[in-house]
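> Please work from the sequences and hints to get the whole structure.
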Amino acid sequence: MDLQRLERTSRYEWRIAPHGDMRVPAIIYADEGLIRDMDDKVYEQVSNVATLPGIVSASYAMPDAHWGYGFPIGGVAAFDPQEGGVVSAGGVGFDISCGVRTMLTGLKRADVEPFKEALADALFAAIPAGLGSRGEIRLADDEMTAMLAGGARWAVDRGYGLAADLERIEEGGCMAGAKPEYVSERARQRQTREMGTLGSGNHYLEVQEVVHISDRDTARLFGLAVGEVVIAIHCGSRGLGHQIGTEFLRDMAIEDSRVGLALPDRELACSPIDSPLGRRYLGAMRAAINCAFANRQIVGHLLRQVLGAVLPDATADLLFDVSHNTCKVEEHTIGGRQCRLFVHRKGATRAFGPGHPTLPEKLRAAGQPVFVGGSMGTSSWILAGTAASESCAFSSACHGAGRSMSRHQARRNWRGQDIVEMLARRGTVIRSPSMRGVAEEAPGAYKDVAVVIEATHNAGLARKVAELKPLVCIKG
Amino acid sequence: MPAGAGSWSHFPHEADIGLAGSGPTPEAVFEQMATAMTGAITDPALVQLVDRVTVHCEAPDIELLLVEWLNALVFEMATRGLLFGRFEVRIEGNRLDGVAWGETVSRERHQPAVEIKGATYTGLLVRQQEDGAWTARCVVDV
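As you go down the protein sequences, you meet chains Y and H in turn.
In this text, residue positions in the first sequence follow our numbering: the first is 27, and each later residue adds one.
In this text, residue positions in the second sequence follow our numbering: the first is 2, and each later residue adds one.
No lab work stands behind these hints: they were computed from the structure.
Keep in mind it's a predicted model, so treat the numbers as computed, not measured.
A portion of the hints provided could be inaccurate.
Computed footprint of chain Y on chain H, listed as stretches where at least three residues anywhere in the stretch have a Cβ under 8 Å from a Cβ of chain Y [unchecked claim]:
1) 47 to 56
2) 112 to 124
The following residues of chain Y were derived to be distant from chain H, with all beta-carbon distances above 12 Å [to be verified]:
3) P44
4) G96
5) G110
6) R135
7) A152
8) L157
9) D183
10) E207
11) Y208
12) R292
13) P298
14) R306
15) A335
16) G453
17) E467
18) L497
Using N, Cα and C, we set each Cβ at its ideal position, and we do this for glycine too.
Put into structure tokens, the structure is as follows:
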């Protein structure tokens with residue numbers, strides 16, 4: 027990205043002044059190196075978002091921002107229904123409520139090391155991953171409706187996981203305002219055999235070792251200690267969410283053309299929050315959030331079963347479960363006024379600071395856990411929300427490293443089997459149904475997540491708590 | 002990469018996959034784009050043409066129709082567990098009637114790299130060139 031087009035307002039904040047149809051400025055959080063490496067498409071997309079009706083304060087991009095569709099990946103934007111604000115299906119994306127849950131095992135690396143191969147095999151056998159895999163759970167239509175209304179609470183009621191898990195999930199594991207009746211027959215069909223599945227692409231289940239603590243007090247509250255093992259699950263609302271995104275994107279694009287709403291990119295298709303289509307989307311999208319909660323709850327249950335068999339001393343307590351593709355109604359203070367806003371985060375993680383009333387009591391003093399995924403061979407990070415983040419980007423932080431290379435180029439550069447062997451030499455066991463998929467997801471195809479984390483920490487979006495290294499990765 | 006009338010390729014996208022196609026007619030370019038989508042998952046040549054599926058869709062303009070076509074195939078792949086290797090398209094006005102041939106996905110043989118979540122409108126393009134040929138571009142989310 028050309029630095030001349032940006033105004034540097036602090037070491038980690040870059041401003042794009044409103045121009046053209048932009049209603050507000052755009053702000054990118056990053057250090058100079060990240061900004062230089064960002065594609066010009068991020069400039070274009072973060073500016074395009076600033077043209078949408080009812081946008082509040084600014085259109086934001088996180089330090090891991092990269093070229094997405096409509097919104098940049100790593101984009102955050104809030105809309106005020108009192109000001110004609112919109113909800114955008116493209117602003118949430120296809121993988122509604124994709125997110126990460128992290129579970130604490132209470133085990134040391136030394137406890138796991140001798141069983142790594144057995145653990146990898148058992149996880150790979152128990153948790154469906156990749157295209158062509160099917161879940162064992164088949165939901166009839168009334169059960170599907172109950173799942174879409176109940177989320178992780180439904181899953182717990184059906185025996186998947188523990189009631190104690192719920193307070194460690196955003197929204198208590200059940201998104202209010204879900205309207206299963208707005209979820210189409212085709213979306214339900216896509217989900218029939220996909221409950222409790224990881225999916226593919228960059229989705230994974232990873233056994234990780236805590237290798238470094240940056241914030242001892244917060245780490246203690248989170249239950250993290252150097253040398254201990256945690257497990258991260260990254261997946262979303264599966265086919266149901268994809269189909270809802272597809273259908274509402276089309277309906278909104280057609281409606282926008284009909285009413286003459288000119289958009290710089292059709293993918294920004296949106297509807298007024300207080301319109302029939304906007305309300306239908308919100309109801310269906312919230313049902314998809316519940317689907318993602320239920321899905322991760324079931325995968326977590328399958329994980330516990332595997333741990334019980336392979337490492338019976340493991341505990342598998344849920345640290346937290348947070349999504350990074352959502353639109354949520356939140357209270358924020360804008361110019362001294364309390365506002366009810368519809369905050370879109372696309373490839374960005376909510377990062378509420380210490381004391382936020384929605385956080386579980388045991389975590390409240392520390393702030394919300396934020397999980398930032400690495401890439402098979404590189405570190406992942408746990409951060410915590412900060413008080414300062416509220417004034418940066420509606421309490422939001424990054425979600426991952428972002429690709430530095432296309433899948434096509436990665437496939438030219440690496441063979442999947444070579445990656446698996448290279449990572450094995452470094453102590454990371456990989457299981458995946460597709461060696462082509464492993465090549466496309468090679469660690470070298472991603473940006474350096476450590477640089478993204480430093481920028482996120484220094485910009486005040488979230489603070490570093492712990493660094494994690496992968497021991498076992500089940501790649502979808 | 003030729004397959005029938007026209008050709009297909011992928012263009013780089015930071016997060017997802019860009020599909021590009023060209024052909025002598027809109028129908029041919031739609032068929033190439035469908036092959037390009039299979040090419041994002043596996044080598045289309047590996048897909049045996051055992052099962053036949055018909056799809057029908059409508060949209061107010063040809064670019065949205067391309068997205069509808071690709072998304073109809075995504076739905077069939079997801080719900081039937083299929084991969085497709087050959088396509089036949091007929092377009093009349095705003096309506097598309099298509100046939101796709103393929104087989105049940107085999108993880109061992111196809112090594113499917115990604116699952117297509119949906120076709121997006123970003124950079125979406127269906128256009129007739131000055132020489133009469135048609136080209137198309139579409140980014141799919143994976």
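> Could you run down the list of hints and mark each one as holding or not?
Structure-based check of all given hints:
| no. | hint | in the structure |
| --- | --- | --- |
| 1 | 47 to 56 | violated (count 0) |
| 2 | 112 to 124 | holds (count 11) |
| 3 | P44 | holds, 22 Å |
| 4 | G96 | violated, 6 Å |
| 5 | G110 | holds, 22 Å |
| 6 | R135 | holds, 31 Å |
| 7 | A152 | holds, 16 Å |
| 8 | L157 | violated, 4 Å |
| 9 | D183 | holds, 27 Å |
| 10 | E207 | holds, 20 Å |
| 11 | Y208 | holds, 18 Å |
| 12 | R292 | violated, 4 Å |
| 13 | P298 | holds, 19 Å |
| 14 | R306 | holds, 18 Å |
| 15 | A335 | holds, 24 Å |
| 16 | G453 | holds, 25 Å |
| 17 | E467 | violated, 9 Å |
| 18 | L497 | holds, 24 Å |
Hints 1, 4, 8, 12, 17, counting from the list given before, are not met by this structure.
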